[in-house]
Amino acid sequence: DVLMTQTPVSLPVSLGGQVSISCRSSQSLVHSDGNTYLHWYLQKPGQSPQLLIYRVSNRFSGVPDRFSGSGSGTDFTLKISRVEPEDLGVYYCLQSTHFPPTFGSGTKLEIK
Amino acid sequence: QVKLLQSGAALVKPGDSVKMSCKASGYTFTDYIIHWVKQSHGKSLEWIGYINPYSGGTNYNEKFKSKATLTVDKSSSTAYMEFSRLTSEDSAIYYCARGWFAYWGQGTLVTVSS
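If you're matching them up, the sequences are chains A and B in order. Each residue of the first sequence is one higher than the last, beginning at 1 in the numbering used here. Each residue of the second sequence is one higher than the last, beginning at 1001 in the numbering used here.
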């Protein structure tokens, strides 16, 4: 299975600040169809995960432009600018290029 | 709008089975596969498998092949997952998700305890 390594585990942030979360895969996530199936989710306390970014850099419907994704191959980053209270929770990356789909271990965004 | 409504929490005994449901609305049920994902307490997410509601075809994570059985009822737009021979390790929240995980149900908490 593809191992997804997220760093850091915990990320203290000041409201209004900017943060980056890293997600590295144990093998390239470029699919044979040319797409890269790396996605980002936020799980708020007591809620289901919600899709933020799909296929590396595409914001899902309703996701503010404070969220941006980048990367290629095995190295990916989620950036959050102007952090708001509603952004707090655990962020996960997911790869669905290879079978089985695998998730990162999560990064907890919390108030400094 | 797309909604996935999952069945309520279950308390089951070790060795028993549990069957949970995921009722879809707001879209054509047979147009998208349904995934099932496990989240143990305070931990990350594990993919269990998916079912194609149109064909009934399934694909499982090797780890859950002998544990999970996925089915659908097209007439009620509902997907089901049965988890068998339960142990304490199966205590978790189980989510259903549509398509490539764009929409998720609210989760079903399963507690395995004697």
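Everything labelled a hint here was simulated from the structure, so no lab data went into it. This one's a predicted model, so the numbers in the text were calculated from it and none came from an experiment. It cannot be assumed that every hint is accurate.
As the list claims (entries may be wrong) - Cβ-Cβ distance ranges computed for the label pairs, FRET-style:
{"no.": "1", "chain 1": "B", "residue 1": "S1066", "chain 2": "A", "residue 2": "I111", "range": "24 to 30 Å"}
{"no.": "2", "chain 1": "A", "residue 1": "D33", "chain 2": "B", "residue 2": "G1026", "range": "24 to 30 Å"}
{"no.": "3", "chain 1": "B", "residue 1": "P1014", "chain 2": "A", "residue 2": "Q18", "range": "44 to 50 Å"}
{"no.": "4", "chain 1": "B", "residue 1": "G1026", "chain 2": "A", "residue 2": "S14", "range": "47 to 53 Å"}
{"no.": "5", "chain 1": "B", "residue 1": "N1059", "chain 2": "A", "residue 2": "Q50", "range": "22 to 28 Å"}
{"no.": "6", "chain 1": "A", "residue 1": "G17", "chain 2": "B", "residue 2": "E1089", "range": "46 to 52 Å"}
{"no.": "7", "chain 1": "A", "residue 1": "S10", "chain 2": "B", "residue 2": "G1015", "range": "33 to 39 Å"}
{"no.": "8", "chain 1": "A", "residue 1": "Q50", "chain 2": "B", "residue 2": "Y1054", "range": "22 to 28 Å"}
As the list claims (entries may be wrong) - 30 Å max Cα-Cα, derived BS3-like pairs, lysine-lysine:
{"no.": "9", "chain 1": "A", "residue 1": "K44", "chain 2": "B", "residue 2": "K1023"}
{"no.": "10", "chain 1": "B", "residue 1": "K1074", "chain 2": "B", "residue 2": "K1019"}
{"no.": "11", "chain 1": "A", "residue 1": "K112", "chain 2": "B", "residue 2": "K1063"}
{"no.": "12", "chain 1": "A", "residue 1": "K112", "chain 2": "B", "residue 2": "K1043"}
{"no.": "13", "chain 1": "B", "residue 1": "K1043", "chain 2": "A", "residue 2": "K79"}
{"no.": "14", "chain 1": "A", "residue 1": "K44", "chain 2": "B", "residue 2": "K1043"}
{"no.": "15", "chain 1": "B", "residue 1": "K1003", "chain 2": "A", "residue 2": "K79"}
{"no.": "16", "chain 1": "A", "residue 1": "K44", "chain 2": "B", "residue 2": "K1063"}
{"no.": "17", "chain 1": "B", "residue 1": "K1074", "chain 2": "A", "residue 2": "K112"}
{"no.": "18", "chain 1": "B", "residue 1": "K1043", "chain 2": "B", "residue 2": "K1003"}
{"no.": "19", "chain 1": "B", "residue 1": "K1074", "chain 2": "A", "residue 2": "K108"}
{"no.": "20", "chain 1": "B", "residue 1": "K1019", "chain 2": "A", "residue 2": "K44"}
{"no.": "21", "chain 1": "B", "residue 1": "K1019", "chain 2": "B", "residue 2": "K1003"}
{"no.": "22", "chain 1": "B", "residue 1": "K1063", "chain 2": "B", "residue 2": "K1074"}
{"no.": "23", "chain 1": "A", "residue 1": "K108", "chain 2": "B", "residue 2": "K1043"}
{"no.": "24", "chain 1": "A", "residue 1": "K112", "chain 2": "A", "residue 2": "K79"}
We treat Cβ as the ideally placed atom computed from N, Cα and C, and that holds for glycine.
Do the hints match the structure? See the list:
1. For B/S1066 and A/I111, the hinted distance range of 24 to 30 Å is not satisfied, since their beta carbons lie about 44 Å from each other.
2. For A/D33 and B/G1026, the hinted distance range of 24 to 30 Å is satisfied, since their beta carbons lie about 28 Å from each other.
3. Restraint check, B/P1014 to A/Q18: a C-beta distance of roughly 48 Å satisfies the suggested window 44 to 50 Å.
4. Against the hinted window of 47 to 53 Å, the Cβ-Cβ separation of B/G1026 and A/S14 comes to about 38 Å, which falls outside the hint.
5. Restraint check, B/N1059 to A/Q50: a C-beta distance of roughly 24 Å satisfies the suggested window 22 to 28 Å.
6. Range check, A/G17 to B/E1089: Cβ separation about 39 Å, and the 46 to 52 Å hint is violated.
7. Distance hint check for A/S10 and B/G1015: the Cβ-Cβ separation is about 38 Å, which falls inside the suggested range of 33 to 39 Å.
8. For A/Q50 and B/Y1054, the Cβ-Cβ distance of about 26 Å falls inside the hinted range of 22 to 28 Å, so the restraint holds.
9. Annotation: proposed proximity of A/K44 to B/K1023 holds, straight-line Cα distance about 23 Å (limit 30 Å).
10. Among the hinted pairs, B/K1074 with B/K1019 is consistent with the structure: their alpha-carbon atoms are about 17 Å apart, no more than 30 Å.
11. About 38 Å separates the Cα atoms of A/K112 and B/K1063, which puts this hinted pair outside 30 Å; it is violated.
12. Note on A/K112 and B/K1043: the hinted pairing holds, with a Cα-Cα distance of about 22 Å set against a maximum of 30 Å.
13. Our distance criterion of 30 Å between C-alpha atoms is met by B/K1043 and A/K79, whose separation comes to about 23 Å.
14. Annotation: proposed proximity of A/K44 to B/K1043 holds, straight-line Cα distance about 14 Å (limit 30 Å).
15. Distance restraint check for B/K1003 and A/K79: the Cα-Cα separation of roughly 28 Å lies within the 30 Å cut-off, and the hinted pair is therefore satisfied.
16. With a C-alpha separation of about 27 Å, the suggested pairing of A/K44 with B/K1063 holds against the 30 Å cut-off.
17. The hinted pair formed by B/K1074 and A/K112 fails the criterion: a straight-line CA distance of about 48 Å is larger than 30 Å.
18. A C-alpha spacing of about 25 Å is found between B/K1043 and B/K1003, which places the hinted pair at or below 30 Å, so the restraint holds.
19. A distance of roughly 38 Å separates the Cα atoms of B/K1074 and A/K108; the hinted pair therefore is violated under the 30 Å criterion.
20. Using a Cα cut-off of 30 Å, the hinted pair B/K1019 and A/K44 holds, with the two alpha carbons roughly 26 Å apart.
21. Restraint check for B/K1019 and B/K1003: satisfied, since their Cα atoms lie roughly 20 Å apart, inside the 30 Å limit.
22. For the suggested pair B/K1063 and B/K1074, the alpha carbons sit about 27 Å apart, so the restraint of at most 30 Å is met.
23. Simply put, A/K108 and B/K1043 have alpha-carbon atoms about 12 Å apart, close enough for the 30 Å limit, and the pair holds.
24. About 17 Å separates the Cα atoms of A/K112 and A/K79, which keeps this hinted pair within 30 Å; it holds.
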